[in-house]
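Just so you know, the protein sequences line up as chains X and U, in that order.
Counting from 1, position 13 in the first sequence corresponds to residue 12 in numbering that gives the first Met the number 0; the numbering is continuous, with no gaps.
Counting from 1, position 82 in the second sequence corresponds to residue 81 in numbering that gives the first Met the number 0; the numbering is continuous, with no gaps.
Some clues are possibly wrong.
To be verified - Short, incomplete list of chain X residues facing chain U, as computed with Cβ under 10 angstroms:
| id | residue |
| --- | --- |
| 1 | L565 |
| 2 | M567 |
| 3 | F571 |
| 4 | F684 |
As the list claims (entries may be wrong) - Some, not all, of what chain U presents toward chain X, calculated at C-beta under 7 angstroms:
| id | residue |
| --- | --- |
| 5 | S185 |
| 6 | M191 |
| 7 | S223 |
| 8 | H226 |
| 9 | G227 |
| 10 | N230 |
| 11 | G244 |
| 12 | N247 |
| 13 | R255 |
Claimed, not checked - With a cut-off of at most 30 angstroms between alpha-carbon atoms, the simulated DSSO-like pairs for lysine-lysine come out as follows:
| id | chain 1 | residue 1 | chain 2 | residue 2 |
| --- | --- | --- | --- | --- |
| 14 | X | K426 | U | K243 |
| 15 | U | K188 | X | K426 |
| 16 | X | K427 | U | K49 |
| 17 | U | K245 | X | K426 |
| 18 | U | K245 | X | K427 |
| 19 | U | K186 | X | K426 |
| 20 | U | K188 | X | K427 |
| 21 | U | K49 | U | K143 |
The hints are simulated quantities; they were obtained by calculation from the structure and are not laboratory data.
For every residue, glycine included, the Cβ atom is placed at its ideal position computed from N, Cα and C.
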Amino acid sequence: MNMYKLINLLWLVLLPLLSGAQIDLLPDTIKLNEVTVSANLPLQNKDVIDYYRTNHFATFDNINVRMEGMSLIKRGAYAMEPQLHGFSGGQLNVTIDGMKMFGACTDKMDPVTSYIEPTNLKNIRISQGTNGSLTGSNIGGSVDMTLQEPDLDASQYYSSSLGFGYESVSQGRNVLFSSGFGKKKWAWGIDGVYRKNENYRDGQNKIIPFTQFEKTNLHSVLKYELDKVNSFKADVLYDIARNVGYPALPMDVSKAQAILAAIEYRRNGKAQLKAKMYFNTVLHIMDDSKRDSTFLLENKHTGRTDTVYMHMDMPGRSTTFGTYLQAERFWNLKNKILLKFDNYINHSIAEMTMHMNRPETGPELPMYMQTWPEMLRNVSGLFIQNTTFFSPEFQIAVNGRMDYDLDILQSEYGQQQFSIFGYTLEKKHEMLVKSLNLSADYTLTHHIQFGATVGYAERLPTITERLGFYLYNAYDGYDYIGNPTINPEKSDFARIDLQLSRPKIKVNLSQTFSYIQDYIMGITDPEIPPMNFYTNGTRVYSNIPSARIFGTDLQLLYQPTKSISLFMLSKFTLGELSSGDPIPLIPPFKNIVSIKYQHEKFSVQFENETSLAQNRINKSHGEYQTPAYSLFNLKGNYTFSFPKTALDIGCGITNLFNRTYYDHLDWGRINRPGRNMDLFLKYSF
Amino acid sequence: METIFIKITSIFLISVLLFSCTDDNEVSPVDPLDGFSKLTEGYALGASAKVEIWGQKNFFMGYNKLIVVLYDSLNQKVKLTDAHIHFLPLMTMNMNGMIMKHSAPVENPEETAINEVFPGAVAFQMPTAMDGTWKLGVSVHNHKIDKEGEAEFDITVDNPTPSVMTVFSALAPDNNKLVLSILEPSKPKVGMNDIEFTIHRKASMMDWPADDSYTIEITPEMPSMGHGSPNNVNPVSSGNGHYKGKVNFTMTGEWRVNVVVKKAGQAVSQNLYFNITF
Chain X
0 MNMYKLINLL
10 WLVLLPLLSG
20 AQIDLLPDTI
30 KLNEVTVSAN
40 LPLQNKDVID
50 YYRTNHFATF
60 DNINVRMEGM
70 SLIKRGAYAM
80 EPQLHGFSGG
90 QLNVTIDGMK
100 MFGACTDKMD
110 PVTSYIEPTN
120 LKNIRISQGT
130 NGSLTGSNIG
140 GSVDMTLQEP
150 DLDASQYYSS
160 SLGFGYESVS
170 QGRNVLFSSG
180 FGKKKWAWGI
190 DGVYRKNENY
200 RDGQNKIIPF
210 TQFEKTNLHS
220 VLKYELDKVN
230 SFKADVLYDI
240 ARNVGYPALP
250 MDVSKAQAIL
260 AAIEYRRNGK
270 AQLKAKMYFN
280 TVLHIMDDSK
290 RDSTFLLENK
300 HTGRTDTVYM
310 HMDMPGRSTT
320 FGTYLQAERF
330 WNLKNKILLK
340 FDNYINHSIA
350 EMTMHMNRPE
360 TGPELPMYMQ
370 TWPEMLRNVS
380 GLFIQNTTFF
390 SPEFQIAVNG
400 RMDYDLDILQ
410 SEYGQQQFSI
420 FGYTLEKKHE
430 MLVKSLNLSA
440 DYTLTHHIQF
450 GATVGYAERL
460 PTITERLGFY
470 LYNAYDGYDY
480 IGNPTINPEK
490 SDFARIDLQL
500 SRPKIKVNLS
510 QTFSYIQDYI
520 MGITDPEIPP
530 MNFYTNGTRV
540 YSNIPSARIF
550 GTDLQLLYQP
560 TKSISLFMLS
570 KFTLGELSSG
580 DPIPLIPPFK
590 NIVSIKYQHE
600 KFSVQFENET
610 SLAQNRINKS
620 HGEYQTPAYS
630 LFNLKGNYTF
640 SFPKTALDIG
650 CGITNLFNRT
660 YYDHLDWGRI
670 NRPGRNMDLF
680 LKYSF
Chain U
0 METIFIKITS
10 IFLISVLLFS
20 CTDDNEVSPV
30 DPLDGFSKLT
40 EGYALGASAK
50 VEIWGQKNFF
60 MGYNKLIVVL
70 YDSLNQKVKL
80 TDAHIHFLPL
90 MTMNMNGMIM
100 KHSAPVENPE
110 ETAINEVFPG
120 AVAFQMPTAM
130 DGTWKLGVSV
140 HNHKIDKEGE
150 AEFDITVDNP
160 TPSVMTVFSA
170 LAPDNNKLVL
180 SILEPSKPKV
190 GMNDIEFTIH
200 RKASMMDWPA
210 DDSYTIEITP
220 EMPSMGHGSP
230 NNVNPVSSGN
240 GHYKGKVNFT
250 MTGEWRVNVV
260 VKKAGQAVSQ
270 NLYFNITF
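Make the full structure from the sequences, and use the hints.
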């Protein structure tokens, strides 16, 4: 088998997703040692990724939006923030191979996913609700991205591929490459992407300013297999984005940079052992120099309207160092235990300096504040899970997690800032969060499986929620202030899964329900005057008594003949606060249907993406009703095979009928791209 | 860990202090002149005293914290610590040939020295100018020998920017002429700051007593940003014409503290503010 099995498969031909081989594998999902309790779906997310990664230049965002429960909060054409059935930010646990990494932007312009490219990835594992606590405490679920790694092979091999792509709507140019070498016990891989997009045009052929971006991503991995049992792996990832526009925000980004390094040891004996040590650092520099920063300000004393010129510097930095140790083994015939100890230390600081320069009076002294006062967060966690296999049809898993957090406020400046609100901040602040889950899987008949989970979890408030200082939220137009003594969010959770798997059809229906206590959201404090001319007021992160979120996903994969396949995904989320008002930023019902025809080296895929209107909105949090939309996409692909090499050519049209639309989770209600033609070419050798 | 560390270090520090104390137990740990420099010196003839005047900077228009240090003029190594001191500031103005004189608000030191010096204050309500010169008289009643005398200094009073004092006529029905000085924050920082004012009333050209009968309301703002700050505490009278409160600054930059002076609930001032920049 070739090295980089997955990449090659993907990049050579369209993946025969529903080939007979895969269907034959189906019973594996109910074989004891294969079962993972949290994501026991016949439709693995990998299938979805593969289904869509056939467009090699699909961004992480393109793939994400097609995953169960996933939605994206959009502030620009770049770096969308993942949301899982109404949960986002600190409620979700987004990790890379179990590694913690935190964006350095106070305004959530750089979710961790923006520093990762699909080419870097082997798999994305999503678990909804409280049960995804293996990688850290959370209440809404976890997203773990597994980095790509080369296969080890006894013989020596080499493989590479190089691809180019073009997108008409944004004059987007993409270059992508990947190489792998292997020799006996060693394997080395490198992959990278370069993307440059100009401003895109919407369905009315209007240019949407500040939607440009440019990014470079490089990932390299080295693997060494000592023997059949012991192996080592080292990863390095570098990602830099420049000149990124955010049309929904008053600022852009001049530089967003991430560096990640990790080493891993694995032991595949009777006990499965995995130890990892990692370091990552993120630098995020916002920039408003291309914006019109002329605000009109009424002078209280003269009654005149002055013209003032102001620019802001807003750099943010987040550095994380962490380790974890994970062990898994059967301790008797029916019981398997999984133990994990993890620790990470995160250092964050974000600053804001405002420079005012009125034409008539000249520059003023800079105005400085720490929007994230310098803080060290040290979190140690212990996770234990025991899975009992009562019979091949029935299993029960219990898991629990405990995290101890010590926040050390390093900035005296931060203490002074919060003295304004009457806080005497201690340098140290401790928090303890816990979770406990019970889940059961039962195979009713050969084709029908049933799963249920009940759980309880707590999650740590983020640095923004604790110590954020005048963070402008462009969605509701308020300045946000942290609450140093805010309580952790707590959630009771229940999930039911129903699966049907027949040779030609797979169906998965899941329903989740979360009852969240001490729900964290911004509450207006009229006593605190706002900081900017354009803000509506000031909100303080507060625990509100409760909130409820219901989510459901229906996935269907149908293959009537060998060459035709149909994939469908429906998602729906409902969220309500204890006041009866809807939770803001809840996506409406969404449905994706895709039909694919594949014959030997040729494939064509037709897709419809439909979103209903969202009329359940929270006006006081800046929401507007969003109309429904329905889009059609078409793409085709052909592969020329030569001895040892292959040329892959594809083209596609997204938004075939040039609809003018935006999604409910798009900040600023800015139109999305109109009709787009894309072309790609990839050569594998 | 941390607490053990603190315990050990504090034991160590205490032992060091004990040692140093046995060596030289006369040294006072507080230097009352810390942050002050000597502005002028002279002799109070008749009181057998040498008078030194110390200030935080040269005399300026505003509330000047002044420290008087007295020495026995015969034996200048000996400080006088029991004396009655009066500040006698005097402005002489030449207005088109007409000579006018007036005094300034003062806070005279206590009769017993504090840490061997005599802290007090003078609130100069105008700067030295072409047509106006200041003299500062210091009368000393040396209780040691029970004799009185006066030292007189020709001084220059600067006009600072931003200004830290305003002199205005209160609106009707009050109609008093008032001197409002801002004393704190002298070292403004981001966060909560002490804010302190003094109010003196003109009773006559030569008598400017402190007045506790007013109330003060403050509203800080950042004029270029159009915003203020929350949770400020209006100054309240703490006696002797002083009013103390709290002011919050959310960031560095150019701040303005708007001030309204009220008498019996009615505003008697108009458009008063102090700029504070840091």
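Hint-by-hint comparison with the structure:
{"no.": "1", "hint": "L565", "verdict": "violated (57 angstroms)"}
{"no.": "2", "hint": "M567", "verdict": "violated (51 angstroms)"}
{"no.": "3", "hint": "F571", "verdict": "violated (41 angstroms)"}
{"no.": "4", "hint": "F684", "verdict": "violated (58 angstroms)"}
{"no.": "5", "hint": "S185", "verdict": "violated (16 angstroms)"}
{"no.": "6", "hint": "M191", "verdict": "holds (4 angstroms)"}
{"no.": "7", "hint": "S223", "verdict": "holds (4 angstroms)"}
{"no.": "8", "hint": "H226", "verdict": "holds (5 angstroms)"}
{"no.": "9", "hint": "G227", "verdict": "holds (4 angstroms)"}
{"no.": "10", "hint": "N230", "verdict": "holds (6 angstroms)"}
{"no.": "11", "hint": "G244", "verdict": "violated (14 angstroms)"}
{"no.": "12", "hint": "N247", "verdict": "holds (4 angstroms)"}
{"no.": "13", "hint": "R255", "verdict": "violated (10 angstroms)"}
{"no.": "14", "hint": "K426(X) x K243(U)", "verdict": "holds (28 angstroms)"}
{"no.": "15", "hint": "K188(U) x K426(X)", "verdict": "holds (19 angstroms)"}
{"no.": "16", "hint": "K427(X) x K49(U)", "verdict": "violated (54 angstroms)"}
{"no.": "17", "hint": "K245(U) x K426(X)", "verdict": "holds (23 angstroms)"}
{"no.": "18", "hint": "K245(U) x K427(X)", "verdict": "holds (26 angstroms)"}
{"no.": "19", "hint": "K186(U) x K426(X)", "verdict": "holds (23 angstroms)"}
{"no.": "20", "hint": "K188(U) x K427(X)", "verdict": "holds (22 angstroms)"}
{"no.": "21", "hint": "K49(U) x K143(U)", "verdict": "holds (14 angstroms)"}
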